[in-house]
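Asks: Residue numbers (the UniProt record's numbering), protein chains in the order written: chain A, 1 to 279; chain B, 1 to 333.
The set of hints was computed from the structure by calculation and includes no laboratory data.
Just so you know, not all the hints are guaranteed correct.
[Unchecked claim] Which chain B residues stay away from chain A? Per the calculated CB distances, all over 12 Å, these: (1) Pro15; (2) Glu53; (3) Ala73; (4) Val80; (5) Gly104; (6) Leu127; (7) Arg146; (8) Asp158; (9) Asn227; (10) Asp326.
[Claimed, not checked] Incomplete in silico selection of chain A near chain B, CB under 10 Å: (11) Arg123; (12) Asn174; (13) Arg177; (14) Gly180; (15) Leu190; (16) Ala200; (17) Val204.
We put the CB at the ideal spot given by N, CA and C, even for glycine.
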Amino acid sequence: MSKARASLSRTTLVHLALIGYTLIAVFPVFLTLINSMKSRNAIFRNPMQLPTTETFDLVGYTTVLGQGDFASYFQNSFIVTVAAIALVLLFGAMAAFALSEYRFRGNTLMGLYLALGIMIPIRLGTVAILQGMVATGLVNTLTALILVYTAQGIPLAVFILSEFMRTVSDDLKNAGRIDGLSEYAIFFRLVLPLVRPAMATVAVFTMIPIWNDLWFPLILAPSEATKTVTLGSQLFIGQFVTNWNAVLAALSLAILPVLVLYLVFSRQLIRGITSGAVK
Amino acid sequence: MGSLQLKSVRKSFGPVDVLKGIDLDVKDGEFVIFVGPSGCGKSTLLRIIAGLEDATSGSITIDDQEVATVPPAKRGIAMVFQSYALYPHLNVKDNMGLGLKQAGTPKDEIDRRVAKASAMLSLEKYLTRRPAELSGGQRQRVAIGRAIVREPKLFLFDEPLSNLDAALRVNTRLEIARLHRELKATMIYVTHDQVEAMTLADKIVVLDAGVIQQVGSPMELYNRPANLFVAGFIGSPGMNFIDAGRLGVSDAKTIGVRPEHVALSRDAGTWQGKVVHVEHLGADTIVYLESEAIGTLTVRLFGEHHHAVGDVVFATPSADQTHRFDAVGQAIR
Numbered sequence: 001m002s003k004a005r006a007s008l009s010r011t012t013l014v015h016l017a018l019i020g021y022t023l024i025a026v027f028p029v030f031l032t033l034i035n036s037m038k039s040r041n042a043i044f045r046n047p048m049q050l051p052t053t054e055t056f057d058l059v060g061y062t063t064v065l066g067q068g069d070f071a072s073y074f075q076n077s078f079i080v081t082v083a084a085i086a087l088v089l090l091f092g093a094m095a096a097f098a099l100s101e102y103r104f105r106g107n108t109l110m111g112l113y114l115a116l117g118i119m120i121p122i123r124l125g126t127v128a129i130l131q132g133m134v135a136t137g138l139v140n141t142l143t144a145l146i147l148v149y150t151a152q153g154i155p156l157a158v159f160i161l162s163e164f165m166r167t168v169s170d171d172l173k174n175a176g177r178i179d180g181l182s183e184y185a186i187f188f189r190l191v192l193p194l195v196r197p198a199m200a201t202v203a204v205f206t207m208i209p210i211w212n213d214l215w216f217p218l219i220l221a222p223s224e225a226t227k228t229v230t231l232g233s234q235l236f237i238g239q240f241v242t243n244w245n246a247v248l249a250a251l252s253l254a255i256l257p258v259l260v261l262y263l264v265f266s267r268q269l270i271r272g273i274t275s276g277a278v279k
Numbered sequence: 001m002g003s004l005q006l007k008s009v010r011k012s013f014g015p016v017d018v019l020k021g022i023d024l025d026v027k028d029g030e031f032v033i034f035v036g037p038s039g040c041g042k043s044t045l046l047r048i049i050a051g052l053e054d055a056t057s058g059s060i061t062i063d064d065q066e067v068a069t070v071p072p073a074k075r076g077i078a079m080v081f082q083s084y085a086l087y088p089h090l091n092v093k094d095n096m097g098l099g100l101k102q103a104g105t106p107k108d109e110i111d112r113r114v115a116k117a118s119a120m121l122s123l124e125k126y127l128t129r130r131p132a133e134l135s136g137g138q139r140q141r142v143a144i145g146r147a148i149v150r151e152p153k154l155f156l157f158d159e160p161l162s163n164l165d166a167a168l169r170v171n172t173r174l175e176i177a178r179l180h181r182e183l184k185a186t187m188i189y190v191t192h193d194q195v196e197a198m199t200l201a202d203k204i205v206v207l208d209a210g211v212i213q214q215v216g217s218p219m220e221l222y223n224r225p226a227n228l229f230v231a232g233f234i235g236s237p238g239m240n241f242i243d244a245g246r247l248g249v250s251d252a253k254t255i256g257v258r259p260e261h262v263a264l265s266r267d268a269g270t271w272q273g274k275v276v277h278v279e280h281l282g283a284d285t286i287v288y289l290e291s292e293a294i295g296t297l298t299v300r301l302f303g304e305h306h307h308a309v310g311d312v313v314f315a316t317p318s319a320d321q322t323h324r325f326d327a328v329g330q331a332i333r
C-alpha cells in the first residue's frame with residue numbers, strides 16, 4: 001500500500017515539473033506583456049529585457065486606443081463570444097438532456113451524429129457557409145459569426161454534457177415529476193444546477209477558440225463595424241512594415257476580457273452543490 | 001380515499017417481459033408490500049403505479065379512476081425514494097413544500113401542512129437547513145415529510161430503508177409503522193427485505209420473474225405458502241426442502257419443513273444426522289445437519305444449545321407443520 005503522504009522528494013519533483021510547465025505556458029504571454037510596454041528599439045534590441053525607465057514607452061497603447069476603433073472591436077468580440085457561449089450551452093445542454101434522459105428510436109445514432117462535428121473541422125465548410133451567409137444577407141453582421149460559432153461549439157458541448165447528465169440521479173428527476181415540475185422545470189431547476197461544473201468546462205473550451213479566431217471574422221464579417229479584436233489587430237501588421245508596439249499592446253489588451261470570463265467560469269468549475277442530493 | 005386496482009398489467013422492455021400480467025386489488029388504508037428478489041419487477045410495478053413508466057398493456061385505477069393517461073403529479077400519489085432524492089438547492093421546508101407550490105396551494109396552507117409534517121417527524125429544528133447539512137436518517141425523514149405534506153391518496157415507498165444503517169433502519173421502520181397508524185393512508189412499499197415485509201405489511205405481494213406468486217397477510221404466507229418459491233423466500237433461515245421420494249411419500253414431489261419446526265434429540269428421532277456447523281445467535285441456535293436419509297437439514301432451536309461439530313443427533317419434524325408440494329412446485333392442501 002502506498003503511503004497517504006507522499007515523500008518530500010516526490011512532491012518536489014512533481015512541483016518542479018508543474019512549475020516548468022507553467023513557465024513554458026506563461027512565457028509567451030509574459031513576453032507579449034513586457035514588450036508591449038517598451039519602445040520600438042528596445043523591443044528589437046533586447047526582447048527579453050524588462051522595461052526600464054529608459055525603454056518604458058506606452059506608445060503601443062496610445063496608438064491602439066487612438067488609431068483604430070478598438071473599443072468597438074472589443075465590444076464585437078465580447079458580444080460574439082458571450083452570445084455564442086450562451087447559445088452553445090443552452091442548445092448543447094438541451095440536446096444532451098434529451099439524449100441522456102429519453103428513450104427513443106435512433107437515440108444512439110442521433111448522439112453519434114451530433115458528436116460527428118468534433119471530428120470534422122467546421123472550416124472545411126467555409127465556402128458553403130459563406131454562400132449561405134451571402135444568400136441570407138448576413139455577411140458583415142455579428143449574427144453570422146454567432147451562428148457559425150454556435151454550430152462549432154455544440155458538438156463538444158453535447159458530448160461532454162450528455163455524459164454528465166447521465167450521472168444525475170433518476171430518482172431526483174422522478175421526484176420532480178411527482179411534485180408536478182414540467183420537463184423544462186426539471187431541466188432548468190434540477191439538472192442544470194447539478195451539471196454546472198461541466199457547463200463551466202464547456203464554456204471555457206468554447207470560449208477560447210472563438211475569442212482567438214481570425215478565420216471567420218476575416219471571411220464573414222471584415223467590415224469596420226463588425227471587426228473583432230483579433231481581426232482589428234491585423235491592422236498593424238503590414239506586408240512590409242509591422243507596428244509591433246501596437247500589435248503587442250492590442251494582444252495584451254485582448255487577454256483581459258478572456259481572463260475575466262475564465263475567472264468567472266473557473267469559480268463554477270470548483271464549486272459543486274451536488275453533495276447531499278442523493279445518498 | 002385511496003384504493004388501487006391493477007388489471008393484467010404487462011410491461012416489456014423490447015423483447016424482455018418484465019411484468020407478465022399483474023392483477024391486484026388494494027383497499028383503502030391498507031399497507032401493501034411488494035417483495036421479491038432483485039429483478040423480479042417490483043420496482044417497475046411501483047413506477048408504473050406512480051406514472052413514471054408506462055405499462056405496455058393493462059389498466060390501473062386509483063379510486064375507481066383510470067390513470068393510464070394521467071401524469072404522476074395529478075394521480076394523487078407521493079413517493080419516497082431509496083436515494084432520498086431531495087432537491088439539493090432547496091432547504092428542508094422548500095423541499096417539502098415544492099409539490100404543493102407547483103399545485104398552486106395557498107402559502108399559509110403550505111406552511112400549516114409543512115409544520116404539521118415536520119412536527120410528526122421531529123424535523124422542526126432543521127427546516128432552514130439544506131439536504132447537504134443533514135444526516136442520512138434526517139434526509140430520509142425529510143423525504144417522508146415531503147410525501148406527507150401532499151396528503152396523497154397513495155403513498156409509494158421504493159426501498160426507503162436500504163441506504164440506512166442497521167440501527168437507523170429499525171427506528172425508521174417503527175416510524176413508518178406509526179405513520180401508517182396515524183395517517184390511516186394507503187401505502188405501497190417495495191423491499192427485498194422480508195423482515196421489513198413481515199413487520200410492516202397488512203398484505204404482502206410476493207413477486208418473482210414478473211408474476212405474482214402469492215398475495216396474503218404475513219402469517220398466511222408463513223403458514224400456508226402457495227408454492228415452493230414463497231415457501232423458500234419467506235422465513236429465515238429458509239425452509240428445508242426434502243425430496244419426497246427419499247421419505248417414501250408418494251403423493252408429493254417435495255416436502256418442506258421450516259427449521260424452527262424441527263425438534264432435536266440426542267437419543268431418538270425420525271432422522272439421524274451429523275452436526276456440520278452451529279451458529280449461536282443468543283436467542284436462537286442454528287444447527288446444520290448432514291443426514292444420509294434426507295441430505296442437508298437446517299434446524300433452528302430457541303435459546304442456547306450446545307452441539308459440537310461431529311455430534312450425531314436425531315431430528316424430528318413437527319407432524320402438522322410440514323408442507324407438501326407437487327411436481328410443478330404448487331402446494332398440496
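Asks: Give a verdict on every hint.
Replies: For each hint, the structure was consulted:
Once the 12 Å rule is applied to beta carbons, Pro15 (chain B) is consistent with being away from chain A; the minimum gap is 15 Å. The claim that Glu53 (chain B) is not at the interface with chain A is violated, since a C-beta of that chain comes within 12 Å of its own (minimum 10 Å). Not every beta carbon of chain A lies more than 12 Å from that of Ala73 (chain B), the smallest distance being close to 3 Å; the non-interface claim is violated. Residue-level check failed: Val80 (chain B) sits 9 Å from the nearest beta carbon of chain A, not beyond 12 Å.
With a least beta-carbon separation of about 9 Å from chain A, Gly104 (chain B) fails to lie farther than 12 Å from that chain, contradicting its non-interface assignment. The claim that Leu127 (chain B) is not at the interface with chain A holds, since no C-beta of that chain comes within 12 Å of its own (minimum 16 Å). Not every C-beta of chain A lies more than 12 Å from that of Arg146 (chain B), the closest at about 8 Å, which undercuts listing it as non-interface. Taking the minimum C-beta to C-beta distance to chain A, about 8 Å, the non-interface status of Asp158 (chain B) is violated against the 12 Å cut.
Every CB of chain A lies more than 12 Å from the CB of Asn227 (chain B), the least distance being 33 Å, so the non-interface label holds. At roughly 42 Å, the least C-beta separation between Asp326 (chain B) and chain A is larger than 12 Å, which holds for a residue marked as non-interface. Taken as an interface hint, Arg123 (chain A) does not check out: its beta carbon lies about 41 Å from the nearest beta carbon of chain B, beyond 10 Å. Of the supplied interface hints, the one on Asn174 (chain A) holds, with its beta-carbon coming within about 5 Å of a beta-carbon of chain B, less than 10 Å.
Taking 10 Å as the C-beta contact cut-off toward chain B, the hint placing Arg177 (chain A) at the interface holds, the least distance being around 5 Å. The beta carbon of Gly180 (chain A) is positioned within 10 Å of a beta carbon in chain B (closest approach about 3 Å), and the interface hint is therefore held. For Leu190 (chain A), the suggested interface contact is upheld, since its CB lies about 7 Å from the closest CB of chain B, less than 10 Å. Interface restraint check for Ala200 (chain A): the shortest CB-CB distance to chain B comes to about 17 Å, outside 10 Å, so the restraint is violated.
Checking Val204 (chain A) against chain B by beta carbon gives a least distance of about 23 Å; that is not within 10 Å, so the hint is violated.
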